[in-house]
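Take any residue in the sequence shown, count from 1 to its spot, add 270: that is its number in the working numbering.
For the record, the hints were derived by calculation from the structure and aren't laboratory data. It cannot be assumed that every hint is accurate.
[As the list claims (entries may be wrong)] When the alpha-carbon atoms are kept at most 30 Å apart in a straight line, the in silico DSS-like pairs for lysine-lysine are as follows: (1) K341 / K419; (2) K341 / K407; (3) K286 / K406; (4) K407 / K419; (5) K419 / K406; (6) K286 / K407; (7) K341 / K286; (8) K286 / K419; (9) K406 / K341.
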Amino acid sequence: MIGTGLIGGSAAWAMKNAGVFDAVTACDLSLINAQCAVNRGIADRATTSIAEAMQEADAVMVAVPVLAIPKVFAAIAPYLRPGTPVTDVGSTRTLVITGARQALGEHFADYAPVHPIAGGEMPGIEYADAELFEGKKAISTPAPGMGEKARDFWEDAWFRCGSLIERMSPEEHDEIFAAVSHLPHV
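Let the sequences and hints guide you as you build the complete structure.
In structure tokens, the structure reads:
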């Protein structure tokens with residue numbers, strides 16, 4: 271897990287509890303946040319180093335602000351093994367997918383973005399909730415060049431967290447969510 275905020279922490283915790291992952295490494299610019307994930311039982315290791323986080327990574331979830339996602343992809347790309355499924359949880363698809371295609375290079379086929387439609391009033395790892403995604407939609411946005419294996423892995427991971435999986439094109443996703451992103455949460 272790269273990025274230990276509310277969404278990344280909640281997703282890692284839910285997926286760990288669902289048996290998707292045996293162990294989770296929390297990687298964050300803030301060692302305090304990463305260590306909080308360990309202290310809460312969300313993660314097993316804490317680090318601020320991408321290289322260290324990627325040492326034994328069997329899957330990679332990027333949960334950082336949207337504009338930072340392509341930079342993180344560029345940082346992890348040299349450490350990715352072929353076939354390692356990569357995802358992000360960003361709320362903007364076309365921008366992130368364009369950045370992923372450039373940054374991940376040959377690993378783009380192992381990338382499958384999913385936008386969980388969930389959140390909370392308070393941000394941060396201290397508010398992570400393993401049940402945050404139960405009954406909530408998770409929007410999978412496959413695009414040309416992405417592989418089915420990664421898509422199936424991440425869709426199954428979100429399904430096992432209780433999410434309702436829906437697929438749509440990145441363009442359709444962005445059109446819909448641009449229209450509703452400023453509506454108050456009900």
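Next on the checklist: Against the 30 Å threshold, does the CA-CA distance of K286 and K406 hold or violate the hint?
Outcome noted: holds (18 Å)
Next on the checklist: For a C-alpha distance cap of 30 Å, please report whether K406 and K341 respect it.
Outcome noted: holds (28 Å)
Checklist entry - When you check the alpha-carbon spacing of K341 and K419, does it fall within 30 Å? => result holds (24 Å)
Checklist entry - For the pair supplied as a hint, K341 and K407, is the alpha-carbon distance within the 30 Å limit? => result holds (27 Å)
Checklist entry - Taken at face value, is the distance from the CA of K407 to the CA of K286 at most 30 Å? => result Within the cut-off at roughly 19 Å; holds.
Next on the checklist: Given the hinted pair K419 and K406, is their Cα-Cα distance within 30 Å?
Outcome noted: holds (23 Å)
Item to check | Satisfaction of hint between K419 and K407, Cα-Cα up to 30 Å | outcome: Holds - the C-alpha atoms of K419 and K407 are around 21 Å apart, at most 30 Å.
Item to check | Hinted pair K341 and K286, Cα distance within 30 Å | outcome: Holds, because 26 Å separates the two Cα atoms, which is no more than 30 Å.
Checklist entry - If you draw a straight line from the CA of K286 to the CA of K419, is it 30 Å or shorter? => result It holds: about 20 Å lies between the C-alpha atoms, which stays within 30 Å.
Checked against the numbered hints above, the structure breaks none of them.
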